[in-house]
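A.B. asks: With these hints in hand, go ahead and build the complete structure from the sequences.
Those protein sequences? They're chains A and B, same order as listed. Counting from 1, one number per residue, gives the positions in the first sequence under my numbering. Counting from 439, one number per residue, gives the positions in the second sequence under my numbering.
These are calculated hints, taken from the structure and not from any lab test. Please note that a few of the clues may not be correct.
Distance ranges between label pairs, derived from CB positions [unchecked claim]:
1) Gln320/A to Leu457/B: 28 to 36 Å
2) Trp644/B to Leu246/A: 52 to 60 Å
3) Asp208/A to Gly453/B: 39 to 47 Å
4) Arg156/A to Leu457/B: 55 to 63 Å
5) Arg679/B to Asn184/A: 19 to 27 Å
6) Met363/A to Leu487/B: 53 to 61 Å
7) Arg679/B to Asp265/A: 19 to 27 Å
8) Leu246/A to Gly453/B: 17 to 25 Å
9) Gly486/B to Asn184/A: 34 to 42 Å
10) Thr186/A to Leu457/B: 33 to 41 Å
11) Val627/B to Asp208/A: 41 to 49 Å
12) Arg679/B to Arg219/A: 31 to 39 Å
Heads up, the beta-carbon is just placed ideally off N, CA and C, and yes, glycines get one too.
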Amino acid sequence: MQITQIGLDHKTAPVQVRELLALPAARIPDALETLSASECAGSGYAQEGVLLSTCNRLEVYALVEDGPEGDGALREYLERISGVSRSQFDPHLQVRHGQAAAVHLCEVACGLDSMVLGESQIQGQVIEAHQMALAHGATGTVLSALFRTAIQAGKRARTETAISQHAVSVSHVAVELAGQIYDNLTDKVALLIGAGEMAELAAKNLVDHGIGSLLVVNRSAGRAAGLARQFGGEALGWDRLNRALLQADIVISSTAAPHAILRRDVVETAIQMRRNRPLFIIDIAVPRDVEPAVGGISNVFLYDIDDLQQVVDANLAQRQREIPRVKAIIKAKVSEFMAWYRTLDVVPTIVDLRRQVERIREMELERAMRRLGGLSDPERDVVRIFSQRLVNKILHQPTVRLKERANGCDSYYYVEALRELFGLPRPKPEMDQERPGG
Amino acid sequence: MANVVGFFLAALMYGASTLAHVACWIGGSRRCARLSRPSLLAAVSLHGLAIVLRWVEAGYAPFSNAFESFSLYAWGLTVVYLLAGSLRRYAALGVFVTPLALLSILVASVLPTRIEPLVPVLQSHWLPIHVGISFTAYAFSTLAFVAAVAYLHQERALRQPARRSWARQLPSLEALDGLQRRMAVLGLVFMTGAIMSGSMWAEKAWGVVWVWEPQQTASLVTWFIHALYFYLRHSAHWRDRRGAWLLVGGFVSVLVTFVGADLLAPDSHHDFLF
Chain A
1 MQITQIGLDH KTAPVQVREL LALPAARIPD ALETLSASEC AGSGYAQEGV
51 LLSTCNRLEV YALVEDGPEG DGALREYLER ISGVSRSQFD PHLQVRHGQA
101 AAVHLCEVAC GLDSMVLGES QIQGQVIEAH QMALAHGATG TVLSALFRTA
151 IQAGKRARTE TAISQHAVSV SHVAVELAGQ IYDNLTDKVA LLIGAGEMAE
201 LAAKNLVDHG IGSLLVVNRS AGRAAGLARQ FGGEALGWDR LNRALLQADI
251 VISSTAAPHA ILRRDVVETA IQMRRNRPLF IIDIAVPRDV EPAVGGISNV
301 FLYDIDDLQQ VVDANLAQRQ REIPRVKAII KAKVSEFMAW YRTLDVVPTI
351 VDLRRQVERI REMELERAMR RLGGLSDPER DVVRIFSQRL VNKILHQPTV
401 RLKERANGCD SYYYVEALRE LFGLPRPKPE MDQERPGG
Chain B
439 MANVVGFFLA ALMYGASTLA HVACWIGGSR RCARLSRPSL LAAVSLHGLA
489 IVLRWVEAGY APFSNAFESF SLYAWGLTVV YLLAGSLRRY AALGVFVTPL
539 ALLSILVASV LPTRIEPLVP VLQSHWLPIH VGISFTAYAF STLAFVAAVA
589 YLHQERALRQ PARRSWARQL PSLEALDGLQ RRMAVLGLVF MTGAIMSGSM
639 WAEKAWGVVW VWEPQQTASL VTWFIHALYF YLRHSAHWRD RRGAWLLVGG
689 FVSVLVTFVG ADLLAPDSHH DFLF
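C.D. replies: Listed below in structure tokens is the structure:
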């Protein structure tokens with residue numbers, strides 16, 4: 001039995017292929033039950049299984065037989081749940097085994113494999129995938145330990161490194177900048193100049209962040225009124241623009257005008273009449289709506305689309321610099337997991353068991369010899385051979401039976417039980433309680 | 439001697455807290471509070487205990503010589519910071535406050551710590567009142583300065599958003615502007631009290647209210663700078679960098695009041711400090 005990961009993501013497969021295999025949330029329970037029946041009766045494709053399905057990836061984590069049989073079973077499984085012929089997705093599939101699969105899952109959880117480096121949503125999706133598999137009895141000891149390892153790695157990466165810090169999209173950068181200027185947005189007034197698609201996105205973003213009130217100014221009054229209605233704001237006529245500047249704290253300009261709409265002298269007057277209250281202006285129009293010289297006015301903070309993009313780039317570069325630190329965390333967590341996982345193998349368990357019993361035998365033999373005293377050599381041999389035979393006879397059945405089960409689907413339970421009952425070394429991966437979304 | 443031991447133990451804690459604050463600042467972590475804040479609380483408690491012990495040992499308010507003054511400045515600044523900055527959102531300002539307190543502690547620690555008999559002019563119940571009010575004023579003015587420096591830093595960072603900056607950990611401009619205003623108004627109120635109590639004491643001790651000696655003059659300048667800040671803020675709307683720079687000037691004036699005047703004019707009436 002080995003841990004096998006098979007699947008595809010935005011790096012390995014184009015969207016046409018990804019959508020063939022896309023698995024809607026509603027079908028996941030069925031798919032999990034097909035993958036792995038909870039009882040060890042050989043039904044299902046794998047002994048344990050977890051499905052990780054997001055918009056950018058479909059990955060199957062499974063405990064299957066070693067070698068090509070196991071991989072083949074999983075390919076067949078993908079064919080069955082997608083209803084698509086294998087030849088269409090096979091060239092894009094990625095298959096990983098054992099440690100490589102463990103490292104991959106950790107990298108996914110930490111956001112290293114995401115389209116947006118370090119994004120946090122994937123951590124929740126990994127937690128959810130594991131919980132779904134638990135709820136449907138698809139996962140067991142091994143994969144649950146693996147998923148906990150990955151979830152812990154994801155948590156540590158996000159608290160101990162800056163892999164998820166600072167905004168990496170233009171709209172979030174704007175919100176972060178607003179947070180550096182204003183304490184909260186609930187008592188602030190936002191002014192949208194223009195009522196196009198960009199303005200709509202900006203309005204939604206502002207409302208999501210709890211903006212106090214919204215003013216919309218547009219050349220065409222109808223569209224302004226529509227946008228204002230949609231987001232509970234107030235539409236103003238174009239002639240009211242200069243007066244709106246006195247009220248607003250945040251201005252987002254996105255008109256299609258070919259020339260500047262906000263000129264330096266207008267904003268300067270407004271700032272004076274505002275008694276120098278700060279004004280945060282975002283100009284997302286191309287060509288720009290706001291004269292660049294406006295940015296030179298005291299207490300006016302002006303950003304155009306390039307400024308915001310530069311912040312995005314800088315923040316992404318900073319996240320990139322954190323990758324080695326995240327990889328170090330993953331390495332530590334995976335080696336912890338692998339140390340535990342290896343103890344589940346039959347052969348090392350038998351070796352450990354024999355070593356332990358042999359130590360007891362030698363100790364007791366020596367003790368008995370001391371107490372018997374003055375034995376002749378042949379007598380000593382009899383006692384020694386007796387001890388060896390006794391130990392071998394007792395260990396014979398467990399050894400044979402364990403070996404028989406080595407490739408069976410329930411070997412881990414026997415190994416675990418044996419290690420527990422005989423007190424053999426069991427390096428456990430650290431498994432604290434996991435909380436959804438944590 | 440117990441008070442001196444207490445002082446040096448507190449000094450160690452100030453050092454530890456400063457290190458913790460700086461490390462968290464550079465590390466960019468928000469988990470700062472776990473180490474930096476408790477160590478600062480420990481420092482200020484130990485230090486407070488040392489001051490009380492010294493008061494008991496000396497039999498008078500231990501605010502009379504240079505060692506005691508620098509020690510008191512550090513203590514007052516930290517207490518006021520912990521009270522005024524108790525809100526989480528100002529936690530990042532500790533990285534400015536703790537080095538200032540530590541610097542004052544370091545200056546104090548190289549000065550003679552022996553308790554001497556009190557010079558006659560200081561043997562008055564005005565001593566704890568006047569010095570207490572003055573050092574409270576210094577503490578508020580220093581915090582106004584800290585808020586101003588943070589404001590200037592944040593404002594600069596906002597002008598170059600793509601450059602990686604520590605300013606992202608600082609409170610917003612709006613919060614820093616509010617803090618500057620509140621600290622400056624409290625500084626102004628206590629500075630008024632310091633000047634008034636000083637005049638009353640002077641009247642009692644020397645029979646004159648005002649003698650234009652350096653420290654008195656400097657304290658008046660400090661008062662004027664803070665008053666000017668409010669005047670310009672309200673009439674000319676200096677709620678921007680100009681106002682912050684004025685508060686930086688106010689802090690320089692506090693330094694002159696506190697130390698400079700005595701160094702520049704060693705024969706003044708306040709010369710018992712050195």
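A.B. asks: Looking back at the hints listed earlier, which ones does the structure fail to meet?
C.D. replies: 4 and 8
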